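> By the working numbering, the letter at position 163 of the sequence shown is numbered 163, and the numbering carries on one by one without gaps.
Derived by calculation from the structure, the hints in this document are not laboratory data.
It should be emphasised that the depicted structure is a prediction, and the values quoted were computed from it without experimental measurement.
Treat the hints with care, since some could be wrong.
Unchecked claim - Below 30 Å or equal to it, Euclidean Cα-Cα: the simulated DSS-like pairs (lysine-lysine) are: (1) K290 <-> K52; (2) K290 <-> K130; (3) K52 <-> K130; (4) K291 <-> K130; (5) K52 <-> K122; (6) K130 <-> K213; (7) K291 <-> K122; (8) K213 <-> K291; (9) K52 <-> K291; (10) K290 <-> K122; (11) K213 <-> K122.
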Amino acid sequence: MGDNHTFKEPFLREWGAFTKAYVIIIVVLLSIATVLDALIIGVLIHYKPLRKPSNVILANFLLGNVIFTQAHLGHLCVSLANSHYMGGQVYCDFAGVILNITVSNELFSLAFMSLDRFLAVKYSYAISSKTVLLTSIVAWCLFTLSATLAFFDDDHMVLRLSANCGHSTLVFHGHIGWAAVSSLVAMLDFTILIIVMVVLYILLILHIRNAGKRLRNSIITGVDESFRLASRKEEARLSDRHTNLASVGQPDASRTSDCWMKRNLSIHYSIPILKGAKLLNLSAQRSIVKKLLLLTIVTVVMWTPVLIVMGYESVTATLLPEELIFFTTLLVFGQPLVDGLVILYINVPIRSAIRRTLAPLLNRW
Numbered sequence: 001m002g003d004n005h006t007f008k009e010p011f012l013r014e015w016g017a018f019t020k021a022y023v024i025i026i027v028v029l030l031s032i033a034t035v036l037d038a039l040i041i042g043v044l045i046h047y048k049p050l051r052k053p054s055n056v057i058l059a060n061f062l063l064g065n066v067i068f069t070q071a072h073l074g075h076l077c078v079s080l081a082n083s084h085y086m087g088g089q090v091y092c093d094f095a096g097v098i099l100n101i102t103v104s105n106e107l108f109s110l111a112f113m114s115l116d117r118f119l120a121v122k123y124s125y126a127i128s129s130k131t132v133l134l135t136s137i138v139a140w141c142l143f144t145l146s147a148t149l150a151f152f153d154d155d156h157m158v159l160r161l162s163a164n165c166g167h168s169t170l171v172f173h174g175h176i177g178w179a180a181v182s183s184l185v186a187m188l189d190f191t192i193l194i195i196v197m198v199v200l201y202i203l204l205i206l207h208i209r210n211a212g213k214r215l216r217n218s219i220i221t222g223v224d225e226s227f228r229l230a231s232r233k234e235e236a237r238l239s240d241r242h243t244n245l246a247s248v249g250q251p252d253a254s255r256t257s258d259c260w261m262k263r264n265l266s267i268h269y270s271i272p273i274l275k276g277a278k279l280l281n282l283s284a285q286r287s288i289v290k291k292l293l294l295l296t297i298v299t300v301v302m303w304t305p306v307l308i309v310m311g312y313e314s315v316t317a318t319l320l321p322e323e324l325i326f327f328t329t330l331l332v333f334g335q336p337l338v339d340g341l342v343i344l345y346i347n348v349p350i351r352s353a354i355r356r357t358l359a360p361l362l363n364r365w
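Given these sequences and hints, build the entire structure.
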């Protein structure tokens, strides 16, 4: 693949249907994703302090999304301006590195977010921001190292990093080349992270469901073991007080209807009210988990075909144009959708967020 394929022919010979009109659509969608990325970053700055661990994880997720979007958007804009594909094989290899790192980072962030929710809901434990930051840095280093393994391949002229470019030679030359190892490591990361997320979400959903049932049953019955113990203690205290006052010939004011009723009502409803507050908090956590689960499903569906094609192409160098068109379209259309789900997940007033995000820029002008 060289730089001599203009838009008068298909945009890329290997990608058949990638005409100029199709690339313009891709640029528009990536531009929309860029605007949404900027909005989300502004929202995080103004509404969601990065001192909170969950927001640090979310920022790490967005960082990979921004790098992927901007790398491809910039290249496509330059290619459109020059009416031919800029960079040739060199950019294909660079795009492969970006793609490999991005998918690993986004799935890692989602797995970390699900772990954070699980620990917060089930054990009331919050991961520290410092731990999240250090873990994210280590993860970035490991993902970058695995993505650049293809640079150590025996064939230094063609760096087969991903399915972004069609290759005419095989990676498998009697041994598994570093390019194939790079893609296989990415697929292994993907598989492990998916398994971790599935297990955490199953445990989390079961815990929320069972805890909700227990709280609702406790509220409906109105009496549990702790209430009965408290009631017996209160009755014993009132009985002792009545006996002592009666022995000295004084009336027991605590036995008057108003005072006695207030005491019993406070005991009777304190525990159900407390459990009702817990139930409301559990309902809020359930809503957060649903939004996070939806974001995870969309992201996984978006990246799964990419990883399958990457692994298959790295070993066999066989790639159909229709496969490239399919997963590229899926990625491009998926980016704005993922950004929209992130906005839904962080749950802030959008209009106010836009005004507060744009206010510093408008004031400077």
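> Now look at each hint and say whether the structure bears it out.
For each hint, the structure was consulted:
{"no.": "1", "hint": "K290 <-> K52", "result": "holds (20 Å)"}
{"no.": "2", "hint": "K290 <-> K130", "result": "holds (27 Å)"}
{"no.": "3", "hint": "K52 <-> K130", "result": "holds (10 Å)"}
{"no.": "4", "hint": "K291 <-> K130", "result": "holds (25 Å)"}
{"no.": "5", "hint": "K52 <-> K122", "result": "holds (19 Å)"}
{"no.": "6", "hint": "K130 <-> K213", "result": "violated (36 Å)"}
{"no.": "7", "hint": "K291 <-> K122", "result": "holds (18 Å)"}
{"no.": "8", "hint": "K213 <-> K291", "result": "holds (21 Å)"}
{"no.": "9", "hint": "K52 <-> K291", "result": "holds (19 Å)"}
{"no.": "10", "hint": "K290 <-> K122", "result": "holds (16 Å)"}
{"no.": "11", "hint": "K213 <-> K122", "result": "holds (15 Å)"}
When held up to the earlier numbered hints, the structure conflicts with hint 6 and nothing else.
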